[in-house]
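Undergrad: With these hints in hand, go ahead and build the complete structure from the sequences.
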Amino acid sequence: MLKMTTDLPLLSVRNITKAFGAVQALQGISFDIAPGEVVALVGDNGAGKSTLVKIISGLYKASSGEFALRGQTCHFETPADALKAGIETVYQDLALIDQLDVADNVYLGREVLRGSGFLGRLFGVLNRATMRRETAAALSQLHIKIPAPTMPVRMMSGGQRLAVAIGRAVTWGRELLILDEPTAALGVEETEQVLRMIEELRQKQRMTFMIISHNMQDVYRVADKIVILRQGRHVATLRKTETTLEEIVAYITGAKQKRVER
Amino acid sequence: MTIATILRRGTVLFVLIALVIFFSLNSDRFLQERNLVNIAVQNAHIIIVTVGMTLVMLSGGIDLSIGSVAALTGAVAAGLIVQNSVPVPLAMLLGLALGFAIGLINGWMVVYGKLPPFVATLAMLGMARGLTLVYTNGRPIANIGDEFTFWGRGTIGPIPTPIVVWVVVVIVAILLMTRTRFGLHIYAIGGNEETARLAGVPVNRVKMLTFGISGFLAALGGLLLTARVFSAQPQAAVGLELDAITAAVLGGVSLFGGVGNIPGAIIGALLVGVLGNGMNLLRVASYPQQVIQGVVLVLAVTIDMYTKRLERGAPKT
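For the protein sequence lines, the chains are A and B, in the order given. In this text, residue positions in the first sequence follow our numbering: the first is 1, and each later residue adds one. In this text, residue positions in the second sequence follow our numbering: the first is 1, and each later residue adds one.
In short, the hints are calculated from the structure, not lab data. Cβ atoms here follow ideal geometry from the backbone N, Cα and C, with glycine treated the same way. Certain hints may be false.
Said to hold, decoys possible - Below, computed lysine to aspartate or glutamate pairings styled on EDC-like, alpha-carbon distance capped at 20 Å:
| id | chain 1 | residue 1 | chain 2 | residue 2 |
| --- | --- | --- | --- | --- |
| 1 | A | K84 | B | E194 |
| 2 | A | K54 | B | E147 |
| 3 | A | K54 | B | E193 |
| 4 | A | K61 | B | E194 |
| 5 | A | K84 | A | E175 |
| 6 | A | K240 | A | E200 |
| 7 | A | K54 | A | D93 |
| 8 | A | K145 | A | E189 |
| 9 | A | K204 | A | E175 |
Claimed, not checked - Now the stretches of chain B that chain A is said to cover, found in silico as 3 or more residues with beta-carbon under 8 Å:
| id | stretch |
| --- | --- |
| 10 | 176-184 |
| 11 | 187-199 |
As the list claims (entries may be wrong) - Label-pair restraints from in silico Cβ distances:
| id | chain 1 | residue 1 | chain 2 | residue 2 | range |
| --- | --- | --- | --- | --- | --- |
| 12 | B | I171 | A | E199 | 47 to 55 Å |
| 13 | B | M305 | A | V188 | 29 to 37 Å |
| 14 | A | R110 | B | V301 | 31 to 39 Å |
TA: Take a look at the structure:
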């Protein structure tokens, strides 16, 4: 039994399809993510990457097919269900709320309340001291430097914001971290910081990642496995050790045709 | 803290202080205790509904039905007391419950009917006013009795009842917005509804409740107004929602949600009240008063935006 759980893939995607009216956004996607693995999901615009992410993070429901977390089939009705299951997603544009400070962002939706009694829950009085202290501790553990947990997010740089968003995801994500275009809006140095953070998290904490990206250099550097989508179809799953950047690009553009392996 | 920051935080407060100085120099009566108490009493219902409007605006919505809901709930409570001999406390509670229910209907239209808040509450503005006219046959309901008028004219200790009520409402609202999960969720939804939803915030429930509270406070304002003028008028509180929006915007509450706070909005409401009172003392006729109010609104918001831009260094889209 113990052996079985360790052999189980962390995430197993089985034959997922999604149709929006007559448009087939996804046509039978299947792949596995092993615990501690970094999987890149790549493809051109409209390949269906974001749709797949939204299904796994509970925002959309698949038209058919299913996915399982450690062997347990997931039935997510809302994003909150995915969060409860331990799947955290850092969205490209929707990571943080500008108007709130760092600690409030990190704890949004999972606030620490003062008093667990009936009154405490009824009025939901926030324990901001704990939220701020824990945020500062969690972020410094990840080597994320922010001036203060009370700083409003709108006053921070793109890199700082993404670092906080990832910090938030790492704080809560027990199973899988999904990063949607993490480096798209960042400069060279900030991109480097984020990539180093991902590498460190997977080495030290055995975090499992699914990364969606347009940037093939970034993908090639951090990923163990590359899942390539093209026009809603799954065209290839490649191990980084067995492929080249050129081959990946050839699959994305359609110059090279379908080859699926596990 | 730069000078620009101080200016921005306090623009409306400075305008308010400037008005107070101006009116006290030009009228002997302005700074008299009786007049100041008068301002605080006469504007009680405006301050109370401004709190509700601020909550809705912070969540990214707007509530145009406030004036109509205030009139309807005031009329229903007065009618229950005068025509059906319902005990005053019960009639008032029923009025508040009616306001809360109408607010929830507003929220339901927005959350589940997917109507823009502007449209949903504009429809409710018409419906609630129409219901008020139907209920009252277009005639005032008078002789509401001392037990009811206490809430508009009485005193608790030395302090007039309406002042006690609005101070309590404001304190509770400030605690709600700064100390509780509900307040945090309102700011989050107003900041970015989609992100809040993705973070697991119960967006629909919070929005429904926010409109419910606005309806409840509209009812409370309507009851105080009815009690203060001794009767329920079918045309009472026409345009009250615009006073509340003016106060909130003056106080720095963004029409796009997520930015602003209760104290700012209250200062905005007091500014509107002081301006009206001062102009009355200076015998400015009521038609030009409206023009001056409009000019002050534009000026205050322009200064506010200008100083915000100074503070930020560059305009941000």
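Undergrad: State for each hint whether it applies.
TA: Each hint, compared with the structure:
| no. | hint | result |
| --- | --- | --- |
| 1 | A:K84 to B:E194 | holds, 18 Å |
| 2 | A:K54 to B:E147 | violated, 58 Å |
| 3 | A:K54 to B:E193 | holds, 17 Å |
| 4 | A:K61 to B:E194 | holds, 17 Å |
| 5 | A:K84 to A:E175 | holds, 10 Å |
| 6 | A:K240 to A:E200 | holds, 18 Å |
| 7 | A:K54 to A:D93 | holds, 14 Å |
| 8 | A:K145 to A:E189 | holds, 15 Å |
| 9 | A:K204 to A:E175 | holds, 15 Å |
| 10 | 176-184 | holds (count 5) |
| 11 | 187-199 | holds (count 11) |
| 12 | B:I171 to A:E199: 47 to 55 Å | holds, 51 Å |
| 13 | B:M305 to A:V188: 29 to 37 Å | holds, 36 Å |
| 14 | A:R110 to B:V301: 31 to 39 Å | holds, 37 Å |
Comparing the model with each earlier hint shows a violation of hint 2 alone; every other hint is respected.
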